[in-house]
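S.K.: The chain contents come next:
2 protein chains.
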Amino acid sequence: MDIYLMEKQLKALADINRLTLLACLKNGEVCVCQFVDVLPISQPAVSQHLRKLREAGMITERKTGIWKHVQLADELSPVVQAVINGLDAVSVCRCGAGDVTC
Amino acid sequence: MDIYLMEKQLKALADINRLTLLACLKNGEVCVCQFVDVLPISQPAVSQHLRKLREAGMITERKTGIWKHVQLADELSPVVQAVINGLDAVSVCRCGAGDVTC
DNA sequence: CTCCTATATAAGCAAATACTTATATAGAAT
DNA sequence: ATTCTATATAAGTATTTGCTTATATAGGAG
Chain A
57 MDIYLMEKQL KALADINRLT LLACLKNGEV CVCQFVDVLP ISQPAVSQHL
107 RKLREAGMIT ERKTGIWKHV QLADELSPVV QAVINGLDAV SVCRCGAGDV
157 TC
Chain B
57 MDIYLMEKQL KALADINRLT LLACLKNGEV CVCQFVDVLP ISQPAVSQHL
107 RKLREAGMIT ERKTGIWKHV QLADELSPVV QAVINGLDAV SVCRCGAGDV
157 TC
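One line per chain: the protein sequences are A and B, in this order.
Per the numbering used here: the first sequence = residues 57 to 158.
Per the numbering used here: the second sequence = residues 57 to 158.
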């Protein structure tokens, strides 16, 4: 892999909040509104982190009404895959489950 | 792996000069003085990058006289291994080869 | 010892990054 | 149309990071 692309991917990964987002996604799709609850940062900060992950090709997004749902991209590079494998999954409320309406 | 440790490892990797150092080490041990020639930064900057890699457990060092030789650590985490696998090796003058005296 | 070379550390600065608050957009409900 | 909720963007600020120059340390040579 090109070394500059590698650097870009690693920079996208090298942040505790973005790693937490990826850990939340290990079990499947999550609504962005859940992330805002889970992370100790503001809603715009979450939005900016998600943009970085999207630009790095690590997640895909699906909009349904006002809500936006995020999941891991189908094709992940070996490095990203190794990182995600190494993270413990973080469980968040799944969208549509029980009292969750989004 | 603990997420904070993962973040620390990724931060150690997410820099073009440190990736270049690792790429130089793919073929084996290299003297620090070679890195100073190869990288477009000052000697102290090289020294600081090497310290980060050492503190992250990615390299080991061996001192012989004035020179210091660096090689990849024996045990590398799957993430570090995946990064190194993804990098093309950079060839540098090997220490002790031909006119190289260190 | 003095000098030279290799490397490390310290301190200061510049660039990049991640956060905040304020505001904009867009969809759903009243 | 107005209002509410979810998300995005903009702009400003604080923190972090990587660089530089200057200086220190340490080993070898004369």
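It is worth saying that the hints were derived from the structure and are not from the lab.
Owing to the predicted nature of the structure, the values given are computational and were not obtained by experimental measurement.
Cβ coordinates follow ideal geometry from the N, Cα and C atoms, glycine included.
Certain hints may be false.
[Said to hold, decoys possible] Under 10 Å between C-beta atoms, here's a sample of chain A residues computed to sit facing chain B:
id	residue
1	Glu63
2	Asp71
3	Ala101
4	His125
5	Leu143
S.K.: For each hint, tell me whether it holds in the structure or not.
M.R.: Each hint tested on the structure:
At a threshold of 10 Å, the smallest CB-CB gap from Glu63 (chain A) to chain B is about 5 Å, leaving the interface hint in force. The interface hint given for Asp71 (chain A) holds, since its Cβ lies 7 Å from the closest Cβ of chain B, which is under the 10 Å cut-off. Given the 10 Å rule on beta carbons, the hint for Ala101 (chain A) is violated: about 16 Å separates it from the nearest Cβ of chain B. Given hint, His125 (chain A) at the interface with chain B, is violated; its Cβ is 23 Å from that chain's nearest Cβ, farther than 10 Å.
Given the 10 Å rule on beta carbons, the hint for Leu143 (chain A) holds: about 6 Å separates it from the nearest Cβ of chain B.
Violated hints, listed in ascending order, are 3, 4; each of the other numbered hints is respected by the structure.
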